[in-house]
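Fit chain C to the supplied structure of chain D, relying on the hints for placement.
Going down the list, the protein sequences come from chains D and C.
Everything in the first sequence is counted per the numbering used here, starting at 24 for the first residue and increasing by one.
Everything in the second sequence is counted per the numbering used here, starting at 6 for the first residue and increasing by one.
Nothing false has been slipped in among the hints.
Under the rule of at most 20 angstroms between Cα atoms (straight-line distance), these lysine to aspartate or glutamate pairs were calculated in the EDC-like manner:
#: 1; chain 1: C; residue 1: Lys204; chain 2: C; residue 2: Glu266
#: 2; chain 1: C; residue 1: Lys270; chain 2: D; residue 2: Glu107
#: 3; chain 1: C; residue 1: Lys204; chain 2: C; residue 2: Glu118
#: 4; chain 1: C; residue 1: Lys267; chain 2: D; residue 2: Glu107
#: 5; chain 1: D; residue 1: Lys93; chain 2: C; residue 2: Glu266
#: 6; chain 1: D; residue 1: Lys39; chain 2: C; residue 2: Glu266
#: 7; chain 1: C; residue 1: Lys137; chain 2: D; residue 2: Asp94
If you are wondering where the hints come from, they were derived from the structure by calculation, not from laboratory data.
All of these numbers come straight from a predicted model, not from anything done at the bench.
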Amino acid sequence: MYAVSAKSLTKSYDGKTNALNDLSLEIPQGSVYGFLGPNGAGKTTSVKLFTGLLKPTQGECTVLDLNPVKDPSEVHRLCGVMTETARMYGQLTGTQNLLFFAQTAGLSREEGNERASELLKKLDLWDARDKKLREYSTGMAQRLSLARALINRPQILFLDEPTSGLDPESAQSVNSMITDLANSTGTTVFLCTHQLRYAQDLCDSYGIIDKGKLIAGGSLENLCSNIGSRAKAAFRLQEGDSLDGFDYDSGWWQTELEQEGQMPKLLKNIVESGHDVYEARLVKPTLEDVYFEYLKHQEETK
Amino acid sequence: MKLLSSAEQAVVNKDFGEIWNTRMARNTIIIVPLIMVLFLPVMYLLMIFFIPANQMNGVDQMMQMLPREAAYFSVKQGMFYIMTNVVCPMFFLMIPLMVSSVSAASSFVGEKERGTIQTLLLTPLSIKSIFKAKVLSCVFLSAVATGISFLVFACVISVGDLLLGMPFFLNWNWLVLVLLLAPGITVFGVIFMVLVSGKSKSYMESIQTSGYIVLPLVLLFVGQFTGLFQLNALILLVIAAVLLVVDFLLWFVSARSFTPEKLLK
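Chain D on its own, in the form it takes in the complex (with noise of 0.2 angstroms):
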């Protein structure tokens, strides 16, 4: 069984031009998907086809087997969801938010209550739990969107954009949890996002996608592969030295290997050949890297 599932999925807003296009992926159970691409590629969309806010104009979608459309209560008490729009009540306090939905999905007041302390805890909301959420800052309401969505420990965490607008350790605070969860729990988390070095940390798998359409997906490695992107060879060497075959950018000589194995016997070649090499690394393509060429690649495959 798929955490997520999705076969040609599209939607249409207006019936003319598809804000997703023929969707299909299968998410296994417990990986850390990330859903990359710029703003208005689709990916809120998705999320929202998934958790049956919205039905889909054609194809389908299943999370753990289920069926949003048909079944979005079930869908929503295996599932937390985090979306930048999806927002809580300003005249509630932090505790007392957490205290409803946790009664709206079912738990019990006793049950509530030490779920919601247990996440404000462990999001820094602690000191913070009997003010109101007006009062909250953007950081600290955004933890506490995070806490609503884990409530109920749910299955699998729909994440979009958990980040934006969070100073950096907020962002770090959010992103640890998220691991922890992951590796603790089993939980599928399927984060949409376009903070590509976050991704990188967090996820075992990717999806790209550009306006409403899939253009690749895998782990780094096999999205590294597809594009061609190779990981290369840099030297610093001596000033005023230099590496025949060798490109040079800002103070260091480098060349695309075929495989990461080839990097030893370069670099002794390098210093059998007698230059003094005061600096050499294996530059792996980042996510970044390889998104970007992806992007590219689109845009000039059109």
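Chain C in isolation, oriented as in the chain D frame:
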């Protein structure tokens, strides 16, 4: 069988808090009944007492509106009777209408405006449960406001009846009005607002739209003053029955239109 599950009850309680925290809704819930059942009747009573009838305009025309069973009343008694049975019903029915529509505006449109409706839709509560809990919280609030208003009104009018030596005011008209027409109007006010909520973008916009539903009520009672028709218990009963049927049908129409897709537009 419980009317509401614990999760639905949580939504009702949360809505009460939200409606009460919306200044305009809170003011309407307090001020409209006070004006309609306390301030205006008391002012009218004082006017009857302290201003001689021959100094008032239109007294003769008003006396002509008295039904046969009240023909023996004095001028002061007759004027008070007209107020109790022709003017005040319109004032009184404004209460369930206004309270239900402002509550529903806060509960439905306000939640949409504040961006919290999506969060509520993401809870394990079914859309039907959310609809039921929200409608019932508004209906309950309006029913309580109407009930308390009627008690206050009954006290004011009873004092007037005693001072003027008139029989107790409660008649079939008032019974139909309080027990059938007011509940019918309450449900109508809420459901009308649910239907409007899909199109309204702000709380204020929905409140302005609700002004349209006051019109039929005003016309109904203006019709009496112009002598076009005379409302009696039977006519009120027919109106209440029609309204309850309309409510029943609109409940289904609005429940069907209450979908996440429409609410998140």
